[in-house]
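Participant: The lines below spell out each chain.
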Amino acid sequence: MAILGAEGRGKPGHTLPAFLEEHDARLLWHPSLSLESPREAAAIIDRVIAGEQALTMLCVEGSIIHGPNGTGRFDVFEGRPKRDIVAALCGQAEYVLAMGSCASFGGIPAAPPNPSESTGLQYTNNQPGGLLAPEWRSAAGLPVINLSACPVDATTMIETMSAVLEGRDLGLDKVGRPAMQKPCLSDPGEKRCRTVDKVGYACYGCIGPKFPLSKALFKHRVAAPASA
Amino acid sequence: MASERRVIRMELNRVEGDMEVKLELDDHTVADAWCIGTMFRGFEQILLGRDPADALVIAPRICGICSTSQLYAAVSALETAYQQPIAANGTRIRNLCLMAESVMSDARHSFLMFAPDFCNPAYAGHPLHDRVVELFEPPFKGRLARETVEETKRILAIVIAFGGAWPHSTYMMPGGVTCELDEARLQECDAAIDGYQAWYERSVLGCSSEEWLALETAEDLAAWLEAPAHRDSALGVFATFATSIGLEGLGSGTPHLLSTGCYYDPERWQPPFDERPCLEDGGFYDGETKAIEPFSHFEVAEHLRYARLADPGSPRHPWESETRPDDARDEPYSLAKATRYKDRVVQLGPLSDLVLAGDPLTRSLLAAQGASTWLRQFTRLHRPVAALQEMRRTVAELRAHLGEPAYVAAEPRTDGDGFGAINAARGSLGHWVRIRDGKIDNYQVITPTAWNGSPRDNSGRRGHWEESFVGLEIADLDNPVELFHVVRSHDACLVCTVHLARGRSFAL
Chain B
1 MAILGAEGRG KPGHTLPAFL EEHDARLLWH PSLSLESPRE AAAIIDRVIA
51 GEQALTMLCV EGSIIHGPNG TGRFDVFEGR PKRDIVAALC GQAEYVLAMG
101 SCASFGGIPA APPNPSESTG LQYTNNQPGG LLAPEWRSAA GLPVINLSAC
151 PVDATTMIET MSAVLEGRDL GLDKVGRPAM QKPCLSDPGE KRCRTVDKVG
201 YACYGCIGPK FPLSKALFKH RVAAPASA
Chain Y
1 MASERRVIRM ELNRVEGDME VKLELDDHTV ADAWCIGTMF RGFEQILLGR
51 DPADALVIAP RICGICSTSQ LYAAVSALET AYQQPIAANG TRIRNLCLMA
101 ESVMSDARHS FLMFAPDFCN PAYAGHPLHD RVVELFEPPF KGRLARETVE
151 ETKRILAIVI AFGGAWPHST YMMPGGVTCE LDEARLQECD AAIDGYQAWY
201 ERSVLGCSSE EWLALETAED LAAWLEAPAH RDSALGVFAT FATSIGLEGL
251 GSGTPHLLST GCYYDPERWQ PPFDERPCLE DGGFYDGETK AIEPFSHFEV
301 AEHLRYARLA DPGSPRHPWE SETRPDDARD EPYSLAKATR YKDRVVQLGP
351 LSDLVLAGDP LTRSLLAAQG ASTWLRQFTR LHRPVAALQE MRRTVAELRA
401 HLGEPAYVAA EPRTDGDGFG AINAARGSLG HWVRIRDGKI DNYQVITPTA
451 WNGSPRDNSG RRGHWEESFV GLEIADLDNP VELFHVVRSH DACLVCTVHL
501 ARGRSFAL
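Chains B and Y are the protein sequences, given in the same order. Counting from 1, position 64 in the first sequence corresponds to residue 64 in my numbering; the numbering is continuous, with no gaps. Counting from 1, position 371 in the second sequence corresponds to residue 371 in my numbering; the numbering is continuous, with no gaps.
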């Protein structure tokens with residue numbers, strides 16, 4: 001639901017309805033926003049997997065859950081591990097977009113001790129290989145497009161989806177992040193967020209698109225705590 | 001027709017989270033029900049052994065819908081454990097941001113998640129069909145649905161002013177907030193409140209806020225709906241349609257209501273935190289005696305008999321409880337726990353929050369009709385009007401205290417037990433933390449949906465949703481729209497519930 005989120009003081013931002021209209025795009029199904037029930041969604045999924053329904057962009061949110069003990073039973077849809085359904089859909093989509101740090105790299109669920117046995121779509125934390133092998137490519141010949149950040153902001157999502165539909169070069173970096181991706185802290189030109197250096201948190205992907213203001217307060221925690 | 005008894009499973013969407021419902025049907029009537037949490041993430045296990053401040057970053061990521069609520073509950077849990085003084089302006093800013101999130105959530109839930117079911121093919125012949133399609137048709141086709149996306153984004157400008165982003169901003173720290181407070185930010189808040197209120201009056205209510213807030217009884221509301229201008233407003237269409245399809249008598253569930261209370265009083269919420277001074281009171285409403293008692297978190301206990309988790313001997317208070325998956329026993333069917341208050345099955349949500357806070361209109365409607373799918377949803381349309389006034393008051397208070405700090409530093413204690421709770425849009429949310437040697441020794445999150453969607457408890461009593469499904473008549477088993485209404489009236493947020501379970505559907 002971060003696609004309905006907001007970022008940046010005084011910025012109007014993009015909206016999903018305007019994007020759909022502008023690109024004459026059809027939203028096949030969204031779990032929170034569609035009228036069709038999951039039973040009907042299951043039929044849509046079956047048609048896509050059977051190749052009867054074209055799928056231009058597959059947007060995946062959330063880490064891929066493999067637990068317990070590699071069975072995928074910690075996250076099922078109609079009795080099937082969702083992991084298997086996502087893998088089958090990836091096989092049909094022209095482009096696959098991982099929306100956020102969890103889908104990209106596993107995110108916080110994949111933080112130690114990773115109780116749900118989570119991975120990202122094509123990475124696990126900073127290592128290549130997740131649900132999909134490092135050499136996997138979508139029908140359009142691209143790896144998974146990783147929109148990391150937690151959450152990825154609506155503007156980045158919509159700008160990246162627009163670039164895909166308009167056939168523009170995404171300028172993917174070595175971990176599959178598009179050029180539209182902003183640094184998660186407000187340092188211009190700095191893609192690596194350096195959260196760990198700044199605040200002492202391990203971020204497992206990212207802790208947010210913008211860090212709020214008084215960073216000095218957070219430094220107290222890392223150095224000696226300030227006295228009252 | 002001969003009666004037929006069978007067990008079916010069904011999928012539901014437009015709930016935030018993964019859960020299945022199993023129903024035993026006697027012909028078309030639900031004879032019994034089981035709520036089954038189906039997704040496990042293990043946030044509580046991830047928090048164990050970490051620096052307590054990590055909870056401020058990790059816990060809010062349990063949920064992308066009410067991240068301000070999770071952050072506020074987490075920081076309050078740490079402050080009570082540390083016995084740390086809090087800057088009054090810090091509490092004011094937290095309250096203001098949480099109110100903005102609540103107002104946003106009420107509109108998004110009502111118009112993007114609940115109302116789309118009015119466009120269900122089952123109602124194609126309804127006299128108001130064209131009107132509800134024009135207003136609510138998903139996705140984003142209905143006029144009000146589109147406006148809701150735009151306008152709710154604007155009210156988030158308040159969270160943006162202080163937190164930089166929504167969701168998942170991390171601006172609350174034990175002692176207050178980390179952001180600057182200045183006149184420019186307060187003006188952004190004023191503009192957001194003015195704009196949102198103008199939209200709500202024009203596009204939803206069809207009358208002024210003052211006129212709406214003057215309605216104090218069920219009779220007042222009935223009279224208001226008689227006026228043509230009101231009947232034709234979005235709220236009027238919503239109300240007329242909902243009552244015409246029988247939502248007033250649908251899915252009552254347990255009569256007991258619970259709310260922890262919300263919006264700490266900025267001046268009085270300080271160590272030793274023995275009381276909970278809230279601007280919006282909480283409490284326990286006993287549905288049988290109609291008596292109201294103050295809320296005490298020591299009356300909360302988690303039952304694990306039917307949870308697919310290791311049971312170290314339940315029921316236990318959350319400080320003593322655990323969350324470890326375990327499929328060794330045969331009885332369990334859900335990854336969620338069963339939480340009970342004074343050994344009672346309770347329901348949480350805006351209905352409970354408004355009743356316990358003493359809202360006259362909600363209390364009058366409860367007395368007249370009892371809890372129902374309609375009343376639960378109506379409170380989401382009603383609540384934002386007074387909330388916007390309270391937001392204005394909070395901004396004025398901040399302006400009067402402009403030069404004062406929003407943060408007081410203090411040395412964190414290495415040991416302590418903490419409890420923080422607020423009302424998220426979908427009901428009270430509690431975080432319990434136990435800190436030992438400067439590390440998190442235990443962390444338990446109990447969400448409103450964990451209460452409402454719980455499985456059976458140790459005595460075998462059904463959870464609130466399970467109870468609210470029993471007796472439901474489902475006309476078309478391939479399109480169980482009645483069930484959709486009942487579930488959605490709880491703004492089911494399963495992402496957080498099965499603390500571990502998150503997901504999307506409701507299978508039955």
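For the record, the hints were derived by calculation from the structure and aren't laboratory data. Idealized CB from N, CA, C, for every residue including glycine. Certain hints may be false.
Stated by the list, open to error - One side of the interface only, derived from the structure: several residues of chain B facing chain Y at Cβ under 10 angstroms:
| no. | residue |
| --- | --- |
| 1 | Leu16 |
| 2 | Leu27 |
| 3 | Gln53 |
| 4 | Phe74 |
| 5 | Trp136 |
Participant: State for each hint whether it applies.
Facilitator: We went through each hint and held it up to the structure:
Checking Leu16(B) against chain Y: minimum C-beta separation of about 7 angstroms stays under 10 angstroms; hint holds. With its C-beta approaching chain Y no nearer than about 6 angstroms, Leu27(B) sits inside the 10 angstroms limit, and its interface hint holds. At a threshold of 10 angstroms, the smallest CB-CB gap from Gln53(B) to chain Y is about 17 angstroms, leaving the interface hint violated. About 4 angstroms separates the beta-carbon of Phe74(B) from the nearest beta-carbon of chain Y, less than 10 angstroms, and the hint is met.
A hinted interface residue such as Trp136(B) counts as satisfied when its beta carbon comes closer than 10 angstroms to some beta carbon of chain Y; here the least separation is about 25 angstroms, so the hint is violated.
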